[in-house]
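Going down the list, the protein sequences come from chains A and G. The opening position of the first sequence corresponds to residue 4 in the numbering used here, with each subsequent residue numbered one higher. The opening position of the second sequence corresponds to residue 4 in the numbering used here, with each subsequent residue numbered one higher.
Any given hint could turn out to be false.
Below, simulated EDC-like cross-link-like pairs (lysine to aspartate or glutamate); rule was C-alpha separation at most 20 Å, straight line [what the hints assert, rightly or not]: (1) A:Lys64 / A:Glu220; (2) G:Lys64 / G:Glu220; (3) A:Lys64 / A:Glu282; (4) A:Lys367 / A:Glu220; (5) G:Lys340 / G:Glu380; (6) G:Lys329 / A:Glu289; (7) A:Lys329 / G:Glu220; (8) A:Lys329 / G:Glu380; (9) A:Lys64 / A:Glu75; (10) A:Lys329 / A:Glu364; (11) G:Lys329 / A:Glu227; (12) G:Lys329 / G:Glu380.
Source of the hints: derived by calculation from the structure; they are not laboratory data. Just so you know, these numbers come straight off a predicted model, no measurement behind them.
So the chains spell out like this:
There are 2 protein chains.
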Amino acid sequence: MRILVLGGDGYLGWPTALYLSRRGHQVGVVDNGVRRQYDVEMGVDSLVPIASFDQRVDRWKDVSGLTLDRFEGDLTDPAFVSETLASFEPDAVVHFAEQRSAPYSMIDREHAVYTQVNNVVGTLNLLYAIAEQNRDIHLVKLGTMGEYGTPNIDIEEGYIEITHRGRTDVLPYPKQPGSFYHLSKVHDSHNIMFACRIWGLRATDLNQGIVYGHDTEETVLHPELATRFDYDGVFGTVLNRFCVQAVTGHPLTVYGSGGQTRGMLNILDTLACVELALEHPADPGEFRVFNQFTESFSVAEMAEMVRAEFNGDATIDHLPMPRVEKEEHYYRAAHTKLLDLGLNPHLLTRSVIQSILAVAEAHKDRVDPGAILPTVEWRSTASTLVTADGADGNGPSFTVADVPSGISSGGS
Amino acid sequence: MRILVLGGDGYLGWPTALYLSRRGHQVGVVDNGVRRQYDVEMGVDSLVPIASFDQRVDRWKDVSGLTLDRFEGDLTDPAFVSETLASFEPDAVVHFAEQRSAPYSMIDREHAVYTQVNNVVGTLNLLYAIAEQNRDIHLVKLGTMGEYGTPNIDIEEGYIEITHRGRTDVLPYPKQPGSFYHLSKVHDSHNIMFACRIWGLRATDLNQGIVYGHDTEETVLHPELATRFDYDGVFGTVLNRFCVQAVTGHPLTVYGSGGQTRGMLNILDTLACVELALEHPADPGEFRVFNQFTESFSVAEMAEMVRAEFNGDATIDHLPMPRVEKEEHYYRAAHTKLLDLGLNPHLLTRSVIQSILAVAEAHKDRVDPGAILPTVEWRSTASTLVTADGADGNGPSFTVADVPSGISSGGS
């Protein structure tokens with residue numbers, strides 16, 4: 004299969020590209036490098052050193068003998084999207100290429116607008132390019148379990164059958180996202196569903212939980228194949244952050260009571276789920292939603308698990324809630340569709356936590372303790388980030404290409 | 004009350020501003036003039052001649068002795084939004100200022116992206132400005148009944164109680180919008196709901212049906228106070244179009260079987276509903292949704308009603324469906340909340356249809372017959388508009404200010 008991985012330089016895009024390449028697919032990797040620019044803006048860096056996009060693609064060829072077709076450009080540039088699809092002629096597109104941090108989207112107005120425009124316009128450009136060139140291309144889009152929020156009923160996979168006043172219909176599952184980032188994913192889902200309906204596109208929306216873990220069978224083959232590891236307050240995810248806090252002798256910081264429960268999955272299962280979606284494509288016109296996680300844990304439970312596995316003393320601090328979300332809530336979410344396709348989950352065992360602690364331990368000299376605590380406050384419209392290099396959070400210093408193409412700046 | 008009307012130069016914004024002004028409110032009108040630029044792009048014009056924004060504001064002062072504070076600028080320019088709010092200090096903001104044509108949003112990729120960026124970013128900028136300056140400002144936002152689509156169950160007002168696997172919750176009503184324009188309104192609704200939750204803003208979303216009619220008590224006071232009347236295939240709405248077709252001797256063009264059923268309301272009820280929402284504001288933190296229509300009709304029924312009232316021969320033609328929508332479907336939508344607040348509907352009587360026919364008759368020499376038929380096809384990614392002045396539909400020729408401000412063009 005010819006598979007284009009958008010965001011192929013990122014935490015999950017890169018290992019996904021290697022995994023699919025090793026499985027015999029012809030893989031193209033597309034990236035604009037913006038994830039590395041967020042690091043510059045935030046004044047932080049991946050805990051594990053990562054090679055440049057060029058270097059890692061070259062190294063993969065050395066190690067595996069396999070070639071990745073590399074494309075540098077921005078999805079908000081419609082000509083780039085169109086030319087890349089025309090040149091690579093994919094059978095499927097795996098779309099990781101979005102700003103994916105909730106706190107980043109909540110820094111201030113500029114970051115909120117940037118996140119929504121970047122994510123929504125990039126996906127619109129992709130939908131148009133597919134519709135124009137080949138409506139048979141299977142779009143595998145990364146969504147998030149955070150689209151659903153925390154309703155007081157079971158969460159289903161994308162749709163719910165509702166009986167109301169004696170009539171029944173199957174309708175899109177109601178969404179209650181908790182950040183401007185999560186909202187951008189809800190907007191995407193609605194746009195993609197509509198594109199499938201009017202153009203007969205085939206799409207799978209992977210509503211992914213929070214991913215943990217670092218090494219994959221392919222990334223361990225050479226240090227220059229390593230993927231990034233984020234632990235900071237803006238891009239770091241909770242389990243990685245707890246492991247870094249433990250090995251650097253800092254308290255594990257739980258927001259509020261820690262009763263917030265979330266679906267989680269191992270990075271190895273991200274790769275497997277994407278592969279299962281690709282092997283079993285959606286039908287023409289079908290907008291299919293899979294909930295992509297394997298287990299649910301509360302934040303407090305995760306902190307306890309890390310404390311239990313850490314070979315030393317670790318304490319747990321409860322911080323005031325920076326976000327607006329329920330600290331205690333009902334949470335039960337369906338996730339059977341990927342299991343039905345054959346997913347064999349890698350669960351969050353003691354040895355998995357130990358392996359993440361080992362990654363953190365090996366690189367703990369690179370930890371910037373000032374980057375770990377939350378700096379973005381949901382109730383404020385302008386959080387002042389104080390970062391290692393003095394960036395002030397007054398807007399991204401990078402640029403995106405030509406967002407509303409043809410409708411340029413300057414009107415009254 | 005100090006009320007800022009955004010989109011105050013448009014079909015509904017202008018009469019709303021006059022109505023509120025005459026009721027003793029201090030009214031500010033904000034517009035960027037883009038609705039008039041769409042006319043230039045499409046090569047059409049309002050059937051009823053309209054005065055310039057300046058002229059009509061000055062004429063209102065002559066006629067009524069009342070002053071409207073006029074602000075020219077674009078909501079996608081965050082500095083303009085912030086400065087306008089700071090200068091006018093509104094108690095309430097009525098937000099009509101969005102690209103509001105479904106066919107326009109479906110012309111091609113550029114128009115789809117423009118519509119979503121313009122509407123979503125404008126509203127985000129407004130939410131941030133309210134949150135920064137005065138969270139007590141009541142936002143009255145124009146949504147659309149088209150957000151719901153045509154589910155096979157009753158449509159409720161914004162929320163629905165769902166019992167599922169033995170548990171019950173009240174959740175946002177599932178949305179199935181039918182164009183990139185309607186999608187932009189769904190995106191807005193989700194963003195506003197979230198802003199109310201995190202910042203305690205108060206907002207009312209008016210999910211309006213299709214508006215018909217032209218004259219109001221205020222606009223008839225002088226010809227230069229008239230509001231626009233659209234009949235073209237892109238911005239014209241169905242009942243106005245049928246009346247223009249009848250008086251110009253053209254068949255009334257029904258798309259498909261005409262079984263599409265929609266909520267409708269008189270322009271006079273738009274004014275009354277906005278006033279009722281303003282008089283009974285949402286609570287702090289409340290995102291309230293009213294379905295703003297008074298009666299439902301199928302397209303075929305409306306064509307029959309116009310044919311019956313037209314003083315001459317009118318035929319009905321069934322055209323192939325340009326849109327992707329159900330031609331026959333269940334439709335029952337709640338609309339009791341505005342009635343409960345005291346709305347006294349102006350129904351679609353024979354005399355109302357006769358009055359719209361009279362407007363069309365009085366200006367029929369201004370009709371461009373070539374502008375009436377549908378030119379935008381939902382299944383195509385690039386409709387070729389053939390318009391009176393030769394515009395080719397290859398993108399808006401106007402510009403919007405500084406869309407993702409601070410994140411300018413030029414990235415890799």
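Structure-based check of all given hints:
Restraint check: the Cα-Cα separation between Lys64 of chain A and Glu220 of chain A comes to about 16 Å, which is no more than 20 Å; the hinted pair holds. Restraint check for Lys64 of chain G and Glu220 of chain G: satisfied, since their Cα atoms lie roughly 16 Å apart, inside the 20 Å limit. Distance restraint check for Lys64 of chain A and Glu282 of chain A: the Cα-Cα separation of roughly 25 Å exceeds the 20 Å cut-off, and the hinted pair is therefore not satisfied. Taking the CA atoms of Lys367 of chain A and Glu220 of chain A, the gap is about 23 Å. The hint is violated against a cut of 20 Å.
At most 20 Å may separate the alpha-carbon atoms for a hinted pair to count; Lys340 of chain G and Glu380 of chain G exceed this at roughly 36 Å. With a CA separation close to 17 Å, the supplied pair Lys329 of chain G and Glu289 of chain A stays within the 20 Å bound. This hinted pair does not check out: Lys329 of chain A and Glu220 of chain G have alpha carbons roughly 49 Å apart, beyond 20 Å. Between Lys329 of chain A and Glu380 of chain G the alpha-carbon distance is near 45 Å, which puts this suggested pair outside the 20 Å criterion.
Distance restraint check for Lys64 of chain A and Glu75 of chain A: the Cα-Cα separation of roughly 18 Å lies within the 20 Å cut-off, and the hinted pair is therefore satisfied. Distance restraint check for Lys329 of chain A and Glu364 of chain A: the Cα-Cα separation of roughly 33 Å exceeds the 20 Å cut-off, and the hinted pair is therefore not satisfied. For the suggested pair Lys329 of chain G and Glu227 of chain A, the alpha carbons sit about 54 Å apart, so the restraint of at most 20 Å is broken. For the hint linking Lys329 of chain G to Glu380 of chain G, the alpha-carbon distance of about 15 Å falls within 20 Å, and the restraint holds.
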